[in-house]
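K.L.:
Hey, can you piece these two chains together into the complex? The hints should help.
Chains as they are written, first to last, in this note's numbering: chain U, 67 to 263; chain Y, 629 to 1228.
If you are wondering where the hints come from, they were derived from the structure by calculation, not from laboratory data.
Any given hint could be a false lead.
Partner residues are not named here, just some residues of chain Y that face chain U (Cβ under 8 Å, in silico) [as the list claims (entries may be wrong)]:
1) ALA850
2) PRO941
3) ASP942
4) GLN962
5) GLU963
6) GLY967
7) THR1004
8) LEU1005
Computed from a prediction, not measured in an experiment: that's the story for all the values here.
Each residue gets a CB set at the ideal place from its N, CA and C atoms; glycine is no exception.
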Amino acid sequence: MTRENTKKTVNVLVVGTGGQGVITASEILSDVAMRSGFDAKKSEIHGMSQRGGVVTSHVRYSENVASPIIMEGEADILLSFELSETLRWLHFLRPSGRVITSLQKIIPPAVYAGMGSYPEEAQTVIKQRITDPIFVDALPMAEELGNPRLVNTILLGIASAMLDLPVDTWEAVIVERVPPKFTELNLVAFDRGRNIT
Amino acid sequence: MKNQILSGNEAVALGAFQTGVKVASAYPGTPSTEILQNFATYKDVYAEWAPNEKVALEVAIGSAMTGVRTLFTTKHVGLNVAADPLMTLAYTGIPGGLLIVCADDPGMHSSQNEQDNRFYAKFAKIPMLEPSDSQEAMEMVEEGLLLSEKYDCPTMLRMTTRVCHSKSIVQIDAGNQAAIPVAEGFKRDLKKFVMIPAFAKLRHPLVLEREAKLEDITETTAFNRIEWNDNKIGIITSGITYQYVSEIMPDASILKLGMTFPLPKKKIKEFADKVDRLFVVEELEPYIEDEIRIMGLAVEGKAFFPKLDELSPDVVADGFAEAGVLPYDLPPVQEIAPGGDMPRPPLLCAGCPHRGLLYSLNKMKAIVHGDIGCSTLSVLPPLQSIDSTLCMGASISMAHGTVKAMAGLEDKRPVFAALGDSTFFHSGITSLMDVIYNKGNVNVVIMDNRITAMTGGQQNPGTGHTLQMEETYAVDIIEIVRALGCRRAREIDPFDMEGTMAALKEEIAHDGPSVLVTKRPCVQLFRQDPLAVRTVDTDACIGCKRCLKLGCPSISQGDIIPDEANKKERRYSNIDAATCYGCALCEQVCTSNAIVYVAQ
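Looking at chain Y on its own, in the form it has when it is part of the complex (with noise of 0.2 Å):
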């Protein structure tokens, strides 16, 4: 037995490794990503990037269907993708252990809604377990497989980014081989695995039954505990909320839900009973109260903590102080420090392949529609070059719909997608075929910078490398693309602004649908093998400010420039030599001949 600091992401890869699991699929997702470059890690297992969710659940689907332990992992938004499969997934069963991790994005850090996916779950009516920290999110690995294994269900362990990034100590045993089933493999079972209807009316009472048979589980399972104390305050909670509960109501009795579908309801009930005052506290939605007022108990929650953003001690101090239950007070609330609130947004790095292209987007008065990943960014001063970001893939299909929607209106705006290269292999390719099969007029961008980029650099289908690095083939977004119909595409390199500027405007010139991929890898990636670093020759420099408005943040503003006229005030541009990659963009955009190479 050794102690280990470990994610949640990291505890649950590790759990993953432990009992068994030879087979992992996913796309990544923040804050999901890191379970599966853990796994990826370990020997003998096998672990891979999908193109997006719903492959990447059926891949995992079909694994567990030859009877092996397999491990799916999304963020929230990645289940509305793999939807599909779960719910019919869920009427099939299947032999072998599969988990389902879907990582919950509270107060969105890195997402675009904060859905709460717990309804899923229930939804599906398969088993749903929620660690509080990363010890019971490796063990609930664990406990998930052995409910999917016994009920012919998958698992879903619900985790929220407090769970998957915070760091917590880990005690790391061996891990107990002997516990892990032997696959018997594929064997024919048709009406179980061919949902054709006939047959997914003989799976569907089985759904219900099953449903009725984890409602008993949940009432006796360990993760669903109660620790009593003081019975004036009773507080249900679950997942990380537990954590703040029971750091700021030390005296309260807590009933702890690791087992959040189904929920126990006679625990719940002998819990409710024996306290003066019932509260739940969840982060999103009332999930768990609802369900307590269906069962006609009196029940308060999100009267005091609120539905918007993740929780945090504070809130949940906040609400118990509203409710008159907060056993001490709460201390003055200290203002923000005189210049503390400086925006710091985060932007597209020194380099980026992307600010070139959406720099000249943003000179072509086009609508742009944007879609998700690093070039979301340029959404902010100085660049909004984006008009809307919904959801992966999104751009093409709805920039066709925007097409297709001005048929008969005045307004003769160029419309554009533009997005990435891995978002393009995501779901980007159906959108397109599309806008051929019907005759669309998209101008379409796809931002090759061969790697998922926003979630921190993974592989994709056309990097030419697996998740577990072995090399293997890299489709070629051209051919796709000539293969769909889209026979206008052709590769530009956005480094080259003049070049980028004018190819934009030839496909504005040109009736019909095309493709332009511009073609520059990801600076993170080559971060420490700089070009050419450009300076500012402070003799030439007018300070007109052009090179800041390509939000570059190796480019700042210096001294003032002596002006004996005394008109405006105007000062130096600045290019901080440490950070600066060489993309020369800025010496494009002056007109003063200001910035020059520095002579290695």
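Chain U on its own, in the form it takes in the complex (with noise of 0.2 Å):
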């Protein structure tokens, strides 16, 4: 027998490194997963995150959860914003499940020190473990746009392509959570990211 009781749960793990983003993409999704009518719980581990180290925020939503932390081999997306952490986090996926990676590449000081070296073949190894991923230029894109920080919003139009959720939830939240000099500029970000696939 597996296990059917969590799979009615839709489960999102958003990785990074600190100050990247992580925690305001996971903090936006699920308000609109609350907004939607739907039980959210959503956990991370603050402290280090302005400090450049791993990040990962794991959001759930559905009638009712309970832990607020996705077990491995359950998550049904992957939503990365730098290249070697969605290799890290890969096995937190179903066999079914999706990546979103962003193909920025944040070289840590360690692997200078000789503590280890950057996974250059990342792509290979995600295309040959995961069905379509998706790999996005996030970051030039942004700067496209007119703000390398509007990555976040990018990725998370790209997710909610994927997830059942109502577009003009998410608009009205992106609209709540950024400034309002910077509102259009995200919601054309959301759209560019909810249309690229």
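P.N.:
Take a look at the structure:
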């Protein structure tokens, strides 16, 4: 017998490195889920988020969510802000899970101190393991739209196309959460992401 | 009634506000910090950062003695600091409701140990509540205050990192203002509040009487509830693990404990008698399990669920699989993808004022006792600047001990203590007093970055602002140091590497204690306003990697340097203009003049 009970829960694992906007993205997603009428939970560890370390945030929603943490092998979507971080968390995905990953590479100084090497074959490994991964050059895309911080909204836009949550609710939450002068730009970035596939 | 998705910490702050808490005191500490940060923003409340947890709890006690509902929050190790007032507070009691929120950190996400503070409630014999999500966290604030007022003792609300930092939906109503008791002010009661031995002897029996009363309450509280299901498996659990258990074992019966001191022994017995196999699932120590064993009941727990680290749905599922009762097959373990294990440790920020000092200290071949805070990040390569980190303020006293112990040894290395401004205010001051009083010879460096940085940038006695952002007197560190009797004290600039090195050497040469204060604000406060950004001149860079030894996140290696002699492969250093703050340390360590200033 397999574990059936959590299959109805949508599990999104958002990952990246400190300062990239992982937590903001998961805040938006969990808020959209709640306003769409679901029970939603979100969990991450603060503390090191500003200091370049690994950052993950778990978002889960369904009629009734117990654990705020996703089990290994049960994530439906891995939404990643950094390519090597995608590899780090790949084993959290279900066999049928989807990957959305920015192609941005942030090489930790630990690598220059000889504590390991950056996985240059990341894209190949992801393709071997996962069906139809979405690789997106989100940073240049965001810069082209006018602000590198739009990476966040572009990635959420892509995820939104895979999640059954109303687009109006997404847009309403984004409008509420970004400074007024960036509202238009964020809505454009969201739309760009949503129509990428 | 409206729904909002809140973290456990936000829910506690809201609950405290809505139930009429008027005074709150704490020292920042992950994962508890956001409780006071949120509470401080509500109207008509007083909230403060105290210099340490002992002071904070004493402030809270003074407030609750005056009959006002009061909040004290701390991380687990902070309660060690506040344990002295706590243990006697348990004797005196207080007329106003006093809630002690203690946030444990199983898994040590941001702590030096993973002690289980449930034992403090048992030790002090005070009621303890443990929420499993944000809704409960909010509700338990009120319950905790009511218990505190009714039984004349503080209540401990014990949380863990996962409850503090996870967000879940909370149903918010306007709150019931009518239920908030009116404070009667401070009333003299010598036999209750003056704990001389004769009076304390009168209070101790009352503590035991209270414990007996609480034993009745815990049997009837709605927070201890049985969820009957199949009776083959019965599971007793509390806190966040309740969520994991209900998800992993949907068919089992569960005794969900929300009040975990005292434990509801009758309810536990009733539950145990009706199930075939009894498990306890709890993080860290077998706190509940041991009590059940003492009751003479057959129970299983730590045989399957580790004492180490925080639990997770995966670990709970593994435990029940090992016990042979998991209702489904565990999916095959997926290996971590190749290349998925590259280390990415947290780092001192680009432009961090600690870097120049820690890099310079490294060159002194000294013994360096470190302290709690961002500077501990320098233990990792390439800096590896500190030799010890134990607890708040310990660097100075430990350095003093090392110096005294080295008196008869051949090792003549200089001994340094390095700690932050907030850590110095917390408990470094008394340590320095000890050094001076007892004629020690410690070289102290206080890294004054004008903020409590590691916990996310909180005000402290040196910043000139309170938690509620009122202007206040900013403590002068040098003045304190001199007043303690350390006449040799001065400020240096950690962005000036040569000056910093020279100052360190001078203090090593000097026979006697000294204090250097590296004065530069935390870069997180001024990130938006960088100094002159640096760049690498590829005509001059020889790929020697000196700049990389600073461990700066803005410096990386770029393209291979063309080399006709075809010797060793070398690469240009590269500075990321978007994150460089312009501290210019790299320019100062470069011996090829390859790091230059970008004209604005």
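K.L.:
Going back to the hint list, which numbers does this structure go against?
P.N.:
Hints 1, 7 are the ones this structure does not satisfy, whereas the remaining hints hold.
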